[in-house]
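Given the sequences, and given the hints that come with them, work out the whole structure.
Here are the chains, one letter per residue:
Number of protein chains: 2
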Amino acid sequence: MSKASQEGMTAKKKDNFDDWYTQVILKAELADYSPVSGCMVFRPAGYAIWENIQRATDIEFKKAGIANSYFPIFIPERLLKKEAEHVQGFAPEVAWVTQAGSSELDERLAIRPTSETLMYEVVSKWIRSWRDLPMRLNQWNNVVRWEFKHPTPFLRSREFLWNEGHTLFATRAEADAERDEILGIYRKITEEFMALPGYLGRKSKTETFAGAEATFSIEHLLPDGKAIQGPDWHSDGQNFSKAFEIVFVDQDGDKQYAWQNTWAISTREIGVMLAIHSDDKGAVVPPMLSETQVVLVPIVNDESKKAVLAESRKLFERLRRKFRVKLDDRDHLTPGRKFNEWELKGVPLRIEFGPRDMKDRQAVLVRRDTGGKRVAKLASMEREVAKELRAIQASLLQRAAKALAEETRDAATLAELKRILSEHGGIARVPWCGRAECEAKMKEETGGKILNFPIGQKAPKAKCIACGADAASIAYFGKSY
Amino acid sequence: MSKASQEGMTAKKKDNFDDWYTQVILKAELADYSPVSGCMVFRPAGYAIWENIQRATDIEFKKAGIANSYFPIFIPERLLKKEAEHVQGFAPEVAWVTQAGSSELDERLAIRPTSETLMYEVVSKWIRSWRDLPMRLNQWNNVVRWEFKHPTPFLRSREFLWNEGHTLFATRAEADAERDEILGIYRKITEEFMALPGYLGRKSKTETFAGAEATFSIEHLLPDGKAIQGPDWHSDGQNFSKAFEIVFVDQDGDKQYAWQNTWAISTREIGVMLAIHSDDKGAVVPPMLSETQVVLVPIVNDESKKAVLAESRKLFERLRRKFRVKLDDRDHLTPGRKFNEWELKGVPLRIEFGPRDMKDRQAVLVRRDTGGKRVAKLASMEREVAKELRAIQASLLQRAAKALAEETRDAATLAELKRILSEHGGIARVPWCGRAECEAKMKEETGGKILNFPIGQKAPKAKCIACGADAASIAYFGKSY
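Chains A and B, in that order, are what the protein sequence lines are. At position 336 of the first sequence the residue is numbered 336 (my numbering), and the sequence of numbers has no breaks. At position 13 of the second sequence the residue is numbered 13 (my numbering), and the sequence of numbers has no breaks.
Heads up, a few of these hints could be off.
No distinction is drawn between identical chains; accordingly, a pair holds when it is met within one copy or between any pair of copies.
Derived lysine-lysine pairs resembling DSBU-like cross-links, with alpha carbons at most 30 Å apart [to be verified]:
#, residue 1, residue 2
1, LYS322, LYS62
2, LYS12, LYS81
3, LYS441, LYS305
4, LYS226, LYS149
5, LYS125, LYS326
6, LYS441, LYS377
What the hints contain is simulated information worked out from the structure, not anything from laboratory work.
Shown next, in the form of structure tokens:
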């Protein structure tokens, strides 16, 4: 263990969220800083979480008929400029390659901040007829956005990992029908795997992705009262297909532009998850995603040592067939030190096994999330562990959902919105007429923004808090990370 | 299907390997060119091969206790320069980021050509005592080497995908013991999954990786008579640990430098695999790795159509539980057109199922590699398909091994070596004293190079073909891709 992590947590989640968060990430050995300003290192325990997210998500993508692919990381400048809004959105954050070996390049190459422009230039050559559609492609890759705000591991890193889905359809109806499928996958991954509740809805025009017609997102709430965007799905309409001449011949023999969507979940979501679940003892990682699900700590005295270790190994061999389990039989550390270390690292379940347990054919199960202890019989240990892991997973989501609900408040007036955000932070539900002027006014008055608004809601019986006209929807509003 | 692939193969493997290879890759829709000079696009069928290689390899890595991680893609120039030989080896091929947004960076950032320097700078902070060792890390990522030779999809691309393993040990003995484990994994993946035979051995000093003490490789032979390097493993000794101060306290309380290894398999290997197995009809992909293992083509006439399609779907549903299978029920293409398309794309096994087969409760299995046909009963189709796929997999390796053996010749003199390489190409086995001068002489006289030499061989009873002194080993020699 490195020096930093040999010391336990000192910062408190309530008192100083930023310091606390950084301590969790570094001391739990999930990530580290790097010698490259603003870029982070994913340590094995942190990368394993991403691998598990990726695996679970990829299974869903494959079931949906989406194919993985890989496109170059470089985008020639002229391509990036082909869709006007898109380049405007990304140009301030692009890292540029200008030299190779000892040569200056003729044209600058952008490191992809996202791959629309490069992919669509290539894909336009693959599509000729309606039979080639739908074409649903995905990439799992790294992207770079040279943000100048304060970098934070996972939450804001100049290089991050994500999936970028890019799909093409023959009709708007088919393209739109993908929305619920993809957001359903993201909802499943965030809730069932990450134990993260969130608000799903559409972004306002102002907050829509550069180059898209509509953006939908899942919005989360950080423990410091700031909202943060999770996975998203964008309807691009024909914006890109017109810029990149993605044309197909339809069943009547007419040329048509394809309808496109894009969607993503990124490693930022790991930061959201750790921030929400972890506590003053260190990381709390949901069992579905943690590198290690169970740590088995033998507790020995001199006379029992050999027998307890032998039994522990047997139990370990049984459990490893079903779980990601570690046996901590290091003999230079006390059980207490081990408990602290694995709590810091966020292993969901600890099994303590001593001479007395051996005699009674049982072991003690200790939950990381609640600290709750109970005794379980060795004979049925697989079932008991599975049950406990399920309970932990469910409880993390419940607790986070309760916190989100408690920190979501209704604001019927602009003054109320202001008060809510300054006194509590969190998320406010605000009646809104739908106009950009009113959105701008709310933003100016409060420093927050419209996160998204659920679609398919009946027009609420309420007045826009900015202009007093009839509200078109209730929007989620908050200060944003 | 895009325009290019609607046309079948025209080039012949024997007559014009380069054109033939490019046709296979493009027409089978495995990869495509990109608007970025020298960088390729992995299309879904090509990327699926990499996913399958990655999955199989990663299972072995995890069994060996190797942990995945992710380090930034950027390497500050000062870091890249820290190990002198290493930077010399890579500097001519580095792509440099010099600007971000509208700012010039203070220091150029290299896009990683490999991650030694960045990783070791970070890892040095994680290691304090012998208890922190061994530390065995891996990354699956993208790297960039701005080569100026003619780019070829998979075989030579400025950006490619790979694994880079980086491991640290307390003693040289432990570090060296890793060699057979890692090369054993690579041997398994190349032989059992890619169906690729190769020569395993040590590289000469001249050909050793920049910054390493010793390099071991698996060397393959392309159908055009050129040798090409496959996966490799490098012993770095303490070169990097001294440059990066990777120091630990040993069990006696003394400070020691760590012993390091690195190792890699890249997407280049996919090109080797396709070049070796494919034929004049298009791609041939081993069943263990192909995106689609089996294509089921119903053959219908007007009266049987409904029944045959219904039965085909039933068979498809059965097979998809065990295999990666496609049902090609497109009704605008003739069976012949479909056969051609799937042969071009390299699907290992085709099942033809028509009205007569339906009546006889059977189907026709057609092998992609040999064209061999046989009838199999519907009742036992899972078993029959599994058997056939195993047979194809085994036969591809056998055939490639036979070709490699036939194209490996003994050279007892320099004149003989020259003649072999100019008349046949291929690989020659040459007695060599082990000296760099003799290696240089052979190279100069023939245009080939020492690929590697098996270790642990008894000193051969032969004379070095360059100097006439006693040979220390029999080396593999060839013109190299």
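Here is what the structure says about each hint:
Proximity of LYS322 to LYS62 under the C-alpha cut-off of 30 Å is found in both arrangements, the shortest distances being 24 Å within a copy and 16 Å between copies. Neither within a single protomer nor between protomers do LYS12 and LYS81 lie at most 30 Å apart by alpha-carbon distance, with minima of 46 Å and 41 Å respectively. Taking the closest pair of Cα atoms, LYS441 and LYS305 never come within 30 Å of each other, the shortest separation being 70 Å inside a single copy and 65 Å across copies. In this homomeric assembly, LYS226 and LYS149 come within 30 Å of each other (Cα to Cα) only inside a single copy, at 16 Å, whereas the closest approach across copies is 52 Å.
In the homo-oligomer, the alpha carbons of LYS125 and LYS326 lie at most 30 Å apart only across protomers (24 Å), although the nearest pairing inside one protomer, at 50 Å, exceeds that limit. Proximity of LYS441 to LYS377 under the C-alpha cut-off of 30 Å is found in neither arrangement, the shortest distances being 62 Å within a copy and 73 Å between copies.
Figure legend: structure checked against the earlier numbered hints; hints not met, in rising order: 2, 3, 6.
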